[in-house]
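Taking the hints into account, I'd like the entire structure generated from these sequences.
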Amino acid sequence: MTDATTERAAVTEPVAGPAASAADEIVAPQGPHGYSHDKESHLKRLRRIEGQIRGLQRMVEEDVYCIDILTQVSASTKGLQSFALQLLEEHLRHCVAAAAVGGGPEIDEKVAEATAAIARLLRT
2 MTDATTERAA VTEPVAGPAA SAADEIVAPQ GPHGYSHDKE SHLKRLRRIE
52 GQIRGLQRMV EEDVYCIDIL TQVSASTKGL QSFALQLLEE HLRHCVAAAA
102 VGGGPEIDEK VAEATAAIAR LLRT
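In the numbering used here, each residue carries its 1-based index in the sequence shown increased by 1.
It cannot be assumed that every hint is accurate.
Below, simulated DMTMM-like cross-link-like pairs (lysine to aspartate or glutamate); rule was C-alpha separation at most 20 angstroms, straight line [stated by the list, open to error]: (1) Lys45 x Glu90; (2) Lys79 x Glu90; (3) Lys79 x Glu91; (4) Lys40 x Glu51; (5) Lys111 x Glu90; (6) Lys111 x Glu91; (7) Lys40 x Glu90; (8) Lys40 x Glu91; (9) Lys79 x Asp69; (10) Lys79 x Glu51; (11) Lys45 x Glu91.
Restraint-style ranges between C-beta atoms, simulated for each label pair [what the hints assert, rightly or not]: (12) Thr72 x Ala113: 31 to 41 angstroms; (13) Ala118 x Val74: 21 to 31 angstroms; (14) Ile119 x Glu41: 18 to 28 angstroms; (15) Arg121 x Ala76: 18 to 28 angstroms; (16) Asp64 x Pro106: 50 to 60 angstroms; (17) Arg55 x Ile108: 39 to 49 angstroms; (18) Gly104 x Arg49: 38 to 48 angstroms; (19) Cys67 x Pro106: 50 to 60 angstroms; (20) Thr72 x Val112: 35 to 45 angstroms; (21) Thr78 x Val112: 22 to 32 angstroms; (22) Ala101 x Glu62: 42 to 52 angstroms.
Rather than coming from a laboratory, the hints here were simulated on the basis of the structure. Where a beta carbon is used, it is the ideal one built from N, C-alpha and C, also for glycine.
As structure tokens, this is what we get:
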């Protein structure tokens, strides 16, 4: 198994232009999506969140005190929100950035998709 940091470093391309900074990069994933380069890490994170949800089910089955369950709900929600933000960042760096480089109507579609995704995240 290779180091995820090494894999990411090996597949990044700097963004050209006067406004580009060291943090600006287009991530070229090892699969069809922006998250593909870090897929195993994402799956591990989702399994952890799944465990938290199963813990909630168990807490309800065992008649645990309401506030204790709500505390676990908050932790699970925060985990999902954190995952969503990471996925959104990867989408912007890969899908939206690639569409911007390519130009044409695709950039408008990708920006509209990202804007709608952000709006859904803000409603939750």
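Here is how each hint holds up against the structure:
no. : hint                               : verdict
1   : Lys45 x Glu90                      : 18 angstroms, holds
2   : Lys79 x Glu90                      : 17 angstroms, holds
3   : Lys79 x Glu91                      : 19 angstroms, holds
4   : Lys40 x Glu51                      : 16 angstroms, holds
5   : Lys111 x Glu90                     : 13 angstroms, holds
6   : Lys111 x Glu91                     : 13 angstroms, holds
7   : Lys40 x Glu90                      : 14 angstroms, holds
8   : Lys40 x Glu91                      : 11 angstroms, holds
9   : Lys79 x Asp69                      : 16 angstroms, holds
10  : Lys79 x Glu51                      : 13 angstroms, holds
11  : Lys45 x Glu91                      : 17 angstroms, holds
12  : Thr72 x Ala113: 31 to 41 angstroms : 37 angstroms, holds
13  : Ala118 x Val74: 21 to 31 angstroms : 23 angstroms, holds
14  : Ile119 x Glu41: 18 to 28 angstroms : 26 angstroms, holds
15  : Arg121 x Ala76: 18 to 28 angstroms : 21 angstroms, holds
16  : Asp64 x Pro106: 50 to 60 angstroms : 56 angstroms, holds
17  : Arg55 x Ile108: 39 to 49 angstroms : 41 angstroms, holds
18  : Gly104 x Arg49: 38 to 48 angstroms : 40 angstroms, holds
19  : Cys67 x Pro106: 50 to 60 angstroms : 51 angstroms, holds
20  : Thr72 x Val112: 35 to 45 angstroms : 38 angstroms, holds
21  : Thr78 x Val112: 22 to 32 angstroms : 27 angstroms, holds
22  : Ala101 x Glu62: 42 to 52 angstroms : 49 angstroms, holds
Violated hints for the displayed structure: none, as all numbered hints are satisfied.
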